[in-house]
Each structure stands twice: as structure tokens, then as C-alpha cells.
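Residue numbers for the first sequence follow the numbering used here, so the first one is 1 and each next one is one higher.
A hint or two may mislead.
Computed cross-link-like contacts, DSSO-like style, restricted to lysine-lysine with a CA-CA straight-line distance of at most 27 Å [to be verified]:
#: 1; residue 1: Lys93; residue 2: Lys300
#: 2; residue 1: Lys418; residue 2: Lys391
#: 3; residue 1: Lys384; residue 2: Lys129
#: 4; residue 1: Lys542; residue 2: Lys370
#: 5; residue 1: Lys300; residue 2: Lys236
#: 6; residue 1: Lys199; residue 2: Lys146
#: 7; residue 1: Lys418; residue 2: Lys343
#: 8; residue 1: Lys32; residue 2: Lys93
#: 9; residue 1: Lys229; residue 2: Lys199
#: 10; residue 1: Lys414; residue 2: Lys510
#: 11; residue 1: Lys199; residue 2: Lys211
#: 12; residue 1: Lys542; residue 2: Lys562
#: 13; residue 1: Lys146; residue 2: Lys45
#: 14; residue 1: Lys57; residue 2: Lys67
#: 15; residue 1: Lys133; residue 2: Lys292
#: 16; residue 1: Lys340; residue 2: Lys422
#: 17; residue 1: Lys32; residue 2: Lys67
#: 18; residue 1: Lys146; residue 2: Lys340
#: 19; residue 1: Lys300; residue 2: Lys245
#: 20; residue 1: Lys161; residue 2: Lys343
#: 21; residue 1: Lys343; residue 2: Lys300
#: 22; residue 1: Lys391; residue 2: Lys370
#: 23; residue 1: Lys32; residue 2: Lys99
#: 24; residue 1: Lys340; residue 2: Lys133
#: 25; residue 1: Lys370; residue 2: Lys534
#: 26; residue 1: Lys25; residue 2: Lys93
#: 27; residue 1: Lys190; residue 2: Lys343
#: 28; residue 1: Lys491; residue 2: Lys422
#: 29; residue 1: Lys93; residue 2: Lys384
#: 30; residue 1: Lys45; residue 2: Lys57
#: 31; residue 1: Lys300; residue 2: Lys384
#: 32; residue 1: Lys161; residue 2: Lys300
#: 33; residue 1: Lys32; residue 2: Lys146
#: 34; residue 1: Lys45; residue 2: Lys25
#: 35; residue 1: Lys93; residue 2: Lys292
#: 36; residue 1: Lys32; residue 2: Lys57
#: 37; residue 1: Lys414; residue 2: Lys99
#: 38; residue 1: Lys510; residue 2: Lys426
#: 39; residue 1: Lys229; residue 2: Lys414
What the hints contain is simulated information worked out from the structure, not anything from laboratory work.
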Amino acid sequence: MNDIIREIVERLALENAVSFNGVAKAEAVLGKLLGSNPELRSRIKEIILLVREITEKVNSLTLTQQKELLSKLGPVKPVEKPLKTIGIPELPKAEGFTKITLRFAPNPDGPLTLGNARPAILCDYYARKTGGKLILRFEDTSPSVKPPLREAYEWVVEDLKWLGIEPDEIYYQSDRLPIYYDYATSFLEKGFAYVCLCKPGDFRSYEREGKPCPHRDHDPALNIRLWEKMLDGTMKPGEAVVRVKTDMEHPNPAVRDWPALRIDIAEHPRISGFRVWPLYNWSCAIDDYEMKISHVIRGKEHLTNEVRQSYVFQYLNAPQPVSIHIGRVGLENSVLSKSKIMKGFSQGFYTGLDDPRLGTLRALRRRGFKPEVIRRVILDMGLKITEAMVKWENLYAYNREVVDWNSERYYFVKDPFKLVVKNMTKRVEARLSRHPSRPELGFRPIVIEPHEGMVELLVSAEDVCNTMPGSRLRLISLFNVEIESVDRETKLVNSFFKGMEVPEKSAGIKLIQWVLPEDAVETWVLMPDASYAKGLGESSLKRLPPGRMVQLVRFGFCVVEKVSENFVELVFSHP
RNA sequence: GCUCCGAUGGUGUAGCCCGGUCAAGCAUACGAGCCUCUCGAGCUCGGGGCCCGGGUUCAAAUCCCGGUCGGAGCACCA
Numbered sequence: 001m002n003d004i005i006r007e008i009v010e011r012l013a014l015e016n017a018v019s020f021n022g023v024a025k026a027e028a029v030l031g032k033l034l035g036s037n038p039e040l041r042s043r044i045k046e047i048i049l050l051v052r053e054i055t056e057k058v059n060s061l062t063l064t065q066q067k068e069l070l071s072k073l074g075p076v077k078p079v080e081k082p083l084k085t086i087g088i089p090e091l092p093k094a095e096g097f098t099k100i101t102l103r104f105a106p107n108p109d110g111p112l113t114l115g116n117a118r119p120a121i122l123c124d125y126y127a128r129k130t131g132g133k134l135i136l137r138f139e140d141t142s143p144s145v146k147p148p149l150r151e152a153y154e155w156v157v158e159d160l161k162w163l164g165i166e167p168d169e170i171y172y173q174s175d176r177l178p179i180y181y182d183y184a185t186s187f188l189e190k191g192f193a194y195v196c197l198c199k200p201g202d203f204r205s206y207e208r209e210g211k212p213c214p215h216r217d218h219d220p221a222l223n224i225r226l227w228e229k230m231l232d233g234t235m236k237p238g239e240a241v242v243r244v245k246t247d248m249e250h251p252n253p254a255v256r257d258w259p260a261l262r263i264d265i266a267e268h269p270r271i272s273g274f275r276v277w278p279l280y281n282w283s284c285a286i287d288d289y290e291m292k293i294s295h296v297i298r299g300k301e302h303l304t305n306e307v308r309q310s311y312v313f314q315y316l317n318a319p320q321p322v323s324i325h326i327g328r329v330g331l332e333n334s335v336l337s338k339s340k341i342m343k344g345f346s347q348g349f350y351t352g353l354d355d356p357r358l359g360t361l362r363a364l365r366r367r368g369f370k371p372e373v374i375r376r377v378i379l380d381m382g383l384k385i386t387e388a389m390v391k392w393e394n395l396y397a398y399n400r401e402v403v404d405w406n407s408e409r410y411y412f413v414k415d416p417f418k419l420v421v422k423n424m425t426k427r428v429e430a431r432l433s434r435h436p437s438r439p440e441l442g443f444r445p446i447v448i449e450p451h452e453g454m455v456e457l458l459v460s461a462e463d464v465c466n467t468m469p470g471s472r473l474r475l476i477s478l479f480n481v482e483i484e485s486v487d488r489e490t491k492l493v494n495s496f497f498k499g500m501e502v503p504e505k506s507a508g509i510k511l512i513q514w515v516l517p518e519d520a521v522e523t524w525v526l527m528p529d530a531s532y533a534k535g536l537g538e539s540s541l542k543r544l545p546p547g548r549m550v551q552l553v554r555f556g557f558c559v560v561e562k563v564s565e566n567f568v569e570l571v572f573s574h575p
């Protein structure tokens, strides 16, 4: 037995030494040994001595000797690596539930942002993966503080659809007021809740001190009478609120007897005639119960709400859904806050809800990001509760992967300069490749006809305005020129024809794109900062349908947005 | 102030529950080279990380304690 162990240790020590420059570490050898032979742990004292001894011996050999010895031991035994689980973890078991049901529950007060996409995509992912159910629930129960927007309900559905998410069921909390009332009545009758008449500041004092307020011990009959006064209009907003009895000595003051329903007489875009509205924790707990939600995936700002709502489930004698709290998502240099977005939008600061500066899903869609790319970055982040900042670079890389193969190449010159090429006598037929990796897509031929030994072309300012006379440029797929002079005032560059042959890379000659004046169309590109890059593009851009992704050579991937006889507008996607 | 939570390369993560095959995997970014008539794509190679300090243990990214930093909540908002 000891001989066998000795042999294994020798091999491990040699392997370790050989992979680390001739020096083996006893710890690592021991770790590997115990990892694959856990039964040796009971003999640890004895094994350690053995491992140290052998490791020292191995380390006293030269690397060459070690290699020799190792090769004598025969072919290396394949190391069995534990299977790595791919993707994100399984959903935790939800005790007391037979079917996996998740809900995405936004407030319809704006379009969805990348931040909302995180819970939405995760819920959808798990619902689909497990054959469960996904519910979309509009949480629109605060007509005065977070007034829902009539149009936003539709925006949410559209944005989800774009992400590939189609909920199995849709609910509107504003349709369900009677349900929340019924449970409230029942809770009041059973003494699980009470009508509190404290002024908000007064209650806060009780809460801080952990003492019950004077209304906590009202008997159910009185509570019901007060409740009816809340409903029938006798009481005004702010005069009373229904509180769920939790524990006035709960260590977290935020959990103590939280408010469940209050009077709010502001208008609601969907319904009218109601003056008592549930607060988040009430409608949410009741709905999660009614809809048999098994798992709740939501932002970590709801961490204490899970504790608050646990009292409702206890009173209902029902299992509480498993809560998974996830961190907020940030997007570099972008606005993700819905209230800021809506404010800036209504003040006209943004051109629309798809303004490229915004982190809305519609802005990302407009910029040509594919839904699977959004899904990928979200699923990449997993179920962690930590915050995550999404880098544009990351989105770019993923999107390029999806988009590159199907993006035809076109030439666009920003801030055009006129390039006059002299000593040009031949007629040239340029063949511009539609896609360098896909020759089967063919070419777009452009014929260049010199007049009196000259040709005029258009090139980008940034490619020529700092070039020195005598330097050379290669016009891609066309010919080479030598710069004679550059006049930035008149945006005119004079040059000589310098041959057709493609220059060697080593010559360090810059390759630039160009447009023929007779074949140019006014082209603007909306940039991520909402400015426009203005210039001229080749006329074949006009034949593209809006929504098509192209690559403007040496400029970047762009989405065609508007096309007319003499104007093309695109939206910049990424380099 | 009170109550919670978290920390793995530049970024996003895997591993942590249940300590050892982790001398830490992946992606992206970055650097070098190859390829390419784009600053795109592709290929090859490379550098880079367990917040700090103690403790437990033969062994700590993993367990315990303390600290630091960061975040969330403390609404008659969601």
C-alpha cells in the first residue's frame, strides 16, 4: 500500500516540478494527492512526511533528470477535471410550490432600460428553462407619487417583445383593487392589521422607540368602522392608513408595522372611482400569494421588503416565494434612471426615448444592438447581488460578433476634402468589395473616367488635413497618390497618380476610403453623444432599407435610419 | 445615526454553501506576432486578480473574528 502511495506521490511531485521550472511545492502535491484520494486524509500526518521527503528529493534533481524520470513512468495519467457547469446556477428550491412561477413587475412610468432588462431577462430565462410560467404584472398603484403613464404599458410590452420575452399572463394591479380590499378587511377582522390615525411624524417616533402607537390595539370592530371611513370618503388623504402588525421591537425599524394601504385621490390613467390604494408591500405580497409566485427576482433595494412581506405570508399561513435579490446595472456614460429619462424627455433635452445618450432598450435597439447581445451581457452577470457596470466595449464586442458577418461595407467620408489627382490618364474600373470575408457577395463597380489627365475624388478631412506634401496615400481598391499640397481653407488637396499596385504593408502607407463626387450622397450619422457626423457617402447607400446594419469602412458599424433621393441618415453603432 | 448586504485582473464573471486535482477557469479589454487592400473580422502567443489584518487547519479565494471600502433600505414610492 505504502509503495503505491509512494509511486503516486513521486509522479505528482515530478509532474509538479516539471510544470514549474523544476521546483515542486509540497503543498500542491499534497493537495492533488488528497483531491484524488480523499481516503488518505485519515493518515494525513504520515502522508505529509512522505510528501515532503519525496518533494525534496525531486527538487534536488535537475529539470532534465526530472523530465527523464517522468517519461520513464510512462504516459501521464489523464487528470479528470470536475465538469464545469456552464451558464448560470439553478434556481433554488422553493418549498411549498409545485410549479415554478416568476413575475416581472415594473411600474409603467417609462420605457424599459438596461436596468429593467436584468430582472426581466433572468425571470424569462428561468421560466423558459424550467418550463415554468412568466407573469408580467404592472405595479401601477401610486397615482400621485409615481403616476403611471398611459403609453408606458404598451412600451413595456414592446420592449419585452424585442428582448424575446412574451409573458404567459399579464396583470394590472389597478384592476385588482377589490382583491387588496378584501384581504385588508380580512386582516383587520382577524387583528393582523389596524387602521392607524397617527400623523406620519408621530408614527415615526413610535417606530424609532419600538413602542406601539395608540391605534395598534383597537379592536377589529373599530378598525372595520375606520376602514369603511377610509373607503367612503369620510377621511381625507393622510388621515389614516392601514398597517400590518409585525413587531414594534423588530431590530430593523423599517420592518415595524409597515403601511399597507392609504388614501390617494389623484387621477389614475386606467381607472377611476377609487380613493384607497395599496402600497407596494401589500399589493406585492397579496399578488405573489394569489398568483402562486414561487421565485421573485428583483433588485436589492427590496431586501427589507422581503422581511416585511414575510409577515403577510405568515398570517396567510402560506409559503413565501424565494427571493433572489440582484444588484443594479449601470451603463457607462448613460442615463438609466427612468425618472431622469422622463424628466429630460419632457423638457425636450433628449430627442426622444431612443436618444442615443439614454440607456433605454429602445435606444440600444436603435443603435443596432441585437437582443441576444443584451441577453448575453445580462446572463453574464448572473444572479449576483453586487452592482455591475456594463462597459460599452463589452457590448461592442458581443454585437460585432453577431453583426459583422451580415454587414456590407460602404464608403463614407466625414467632412469631405476634394482630392485632385493629376497625371491620371487611364480609365479605371474600381471593384469595391461588399464584404472582405465574403467574396461571394460580389462587388460594386465604380468607373473612374479622367478628364484632361485629372480625376476628382472626395476624402475625409481627418485622413488628409495633416499630411505633408510628398507623402503617399492608398485609396482603397483604387490607386495610390502622392500629396502635392493641402489647403484647409478651401478643403482642397492636390496630388499625383502614383500607380495601381497595392503597397506592401511595410511601406506604412495609409489606406483610406473615398467617394466619387458624381456618386456621392449627403450622409449624416447620429453619434452616441447625439451629435451628427456629417459627410458624403457612396450613392448605393440609398438603396438600403431602414434598419439595415452596415459598416462604413474605417468609420464603424451603423444602422440605416432614413433614406431619400438626396440624403441618407444612419445611427452609429460601434467601431 | 439605525438596519441589512457585498468585495476575485481594467471590466463582467466561475469557484465560496461542502477547505485540498486552484500554482485560480472563462469572456472582454490590453500588448506582441501572423493574416487581411478598413481603424472590421480571423488565427497564435503574452502580461494582469482572490480588499487588508489576525485566527482555525497539515492545508484558506473558500471557515471564524476585526478593519477598510462600496452599496441598499430606514416613504401614507415602486
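Hints, verified against the model:
1. For the hint linking lysine 93 to lysine 300, the alpha-carbon distance of about 20 Å falls within 27 Å, and the restraint holds.
2. In summary, the hint linking lysine 418 to lysine 391 is not supported, as the alpha carbons are separated by about 38 Å, beyond the 27 Å threshold.
3. Between lysine 384 and lysine 129 the CA atoms are separated by roughly 19 Å; this keeps the pair inside 27 Å, and the hint holds.
4. The straight-line distance between the Cα atoms of lysine 542 and lysine 370 is roughly 23 Å, inside the 27 Å bound, and the hint therefore holds.
5. Between lysine 300 and lysine 236 the CA atoms are separated by roughly 34 Å; this puts the pair beyond 27 Å, and the hint is violated.
6. The hinted pair formed by lysine 199 and lysine 146 meets the criterion: a straight-line CA distance of about 22 Å does not exceed 27 Å.
7. For the proposed pair lysine 418 and lysine 343, the alpha carbon gap of about 44 Å is over 27 Å, so the pair is violated.
8. Between lysine 32 and lysine 93 the CA atoms are separated by roughly 33 Å; this puts the pair beyond 27 Å, and the hint is violated.
9. Taking the CA atoms of lysine 229 and lysine 199, the gap is about 17 Å. The hint holds against a cut of 27 Å.
10. For a cut-off of 27 Å, the pair hint linking lysine 414 to lysine 510 stands: about 17 Å separates their Cα positions.
11. Proposed proximity of lysine 199 and lysine 211 is supported: the alpha carbons are some 15 Å apart, at most 27 Å.
12. Between lysine 542 and lysine 562, the direct Cα distance comes to roughly 9 Å. Compliance with the 27 Å bound is thereby established for this hinted pair.
13. Proximity of lysine 146 to lysine 45 is assessed by CA-CA distance (about 67 Å); at most 27 Å being required, the pair is judged violated.
14. This hinted pair checks out: lysine 57 and lysine 67 have alpha carbons roughly 14 Å apart, not beyond 27 Å.
15. About 10 Å separates the Cα atoms of lysine 133 and lysine 292, which keeps this hinted pair within 27 Å; it holds.
16. The hinted pair formed by lysine 340 and lysine 422 fails the criterion: a straight-line CA distance of about 56 Å is larger than 27 Å.
17. Simply put, lysine 32 and lysine 67 have alpha-carbon atoms about 19 Å apart, close enough for the 27 Å limit, and the pair holds.
18. A hinted pair counts as satisfied when its Cα atoms are at most 27 Å apart, and lysine 146 with lysine 340 qualifies at roughly 13 Å.
19. Distance restraint check for lysine 300 and lysine 245: the Cα-Cα separation of roughly 24 Å lies within the 27 Å cut-off, and the hinted pair is therefore satisfied.
20. Note on lysine 161 and lysine 343: the hinted pairing holds, with a Cα-Cα distance of about 25 Å set against a maximum of 27 Å.
21. Among the hinted pairs, lysine 343 with lysine 300 is consistent with the structure: their alpha-carbon atoms are about 25 Å apart, no more than 27 Å.
22. Between lysine 391 and lysine 370, the direct Cα distance comes to roughly 16 Å. Compliance with the 27 Å bound is thereby established for this hinted pair.
23. This hinted pair does not check out: lysine 32 and lysine 99 have alpha carbons roughly 42 Å apart, beyond 27 Å.
24. A distance of roughly 33 Å separates the Cα atoms of lysine 340 and lysine 133; the hinted pair therefore is violated under the 27 Å criterion.
25. Pair hint lysine 370 plus lysine 534 holds up; C-alpha atoms about 25 Å apart against a cutoff of 27 Å.
26. The suggested pairing of lysine 25 with lysine 93 is violated, with an alpha-carbon distance near 42 Å, which exceeds 27 Å.
27. In summary, the hint linking lysine 190 to lysine 343 is not supported, as the alpha carbons are separated by about 44 Å, beyond the 27 Å threshold.
28. The hinted pair formed by lysine 491 and lysine 422 meets the criterion: a straight-line CA distance of about 17 Å does not exceed 27 Å.
29. For the given pair, lysine 93 sits about 17 Å from lysine 384 by alpha-carbon distance, which is consistent with the 27 Å threshold.
30. For the hint pairing lysine 45 with lysine 57, the CA-to-CA distance comes to about 19 Å; that is within 27 Å, so the pair holds.
31. Taking the CA atoms of lysine 300 and lysine 384, the gap is about 10 Å. The hint holds against a cut of 27 Å.
32. Between the alpha carbons of lysine 161 and lysine 300 the distance comes to roughly 25 Å, so the proposed pair stays at or under 27 Å and holds.
33. A hinted pair counts as satisfied when its Cα atoms are at most 27 Å apart, and lysine 32 with lysine 146 does not qualify at roughly 58 Å.
34. Annotation: proposed proximity of lysine 45 to lysine 25 holds, straight-line Cα distance about 17 Å (limit 27 Å).
35. Between lysine 93 and lysine 292 the CA atoms are separated by roughly 14 Å; this keeps the pair inside 27 Å, and the hint holds.
36. In summary, the hint linking lysine 32 to lysine 57 is supported, as the alpha carbons are separated by about 18 Å, within the 27 Å threshold.
37. For the hint linking lysine 414 to lysine 99, the alpha-carbon distance of about 57 Å lies beyond 27 Å, and the restraint is violated.
38. For the given pair, lysine 510 sits about 23 Å from lysine 426 by alpha-carbon distance, which is consistent with the 27 Å threshold.
39. Distance check on the hinted pair: lysine 229 and lysine 414 sit about 69 Å apart at the alpha-carbon level, beyond 27 Å; violated.
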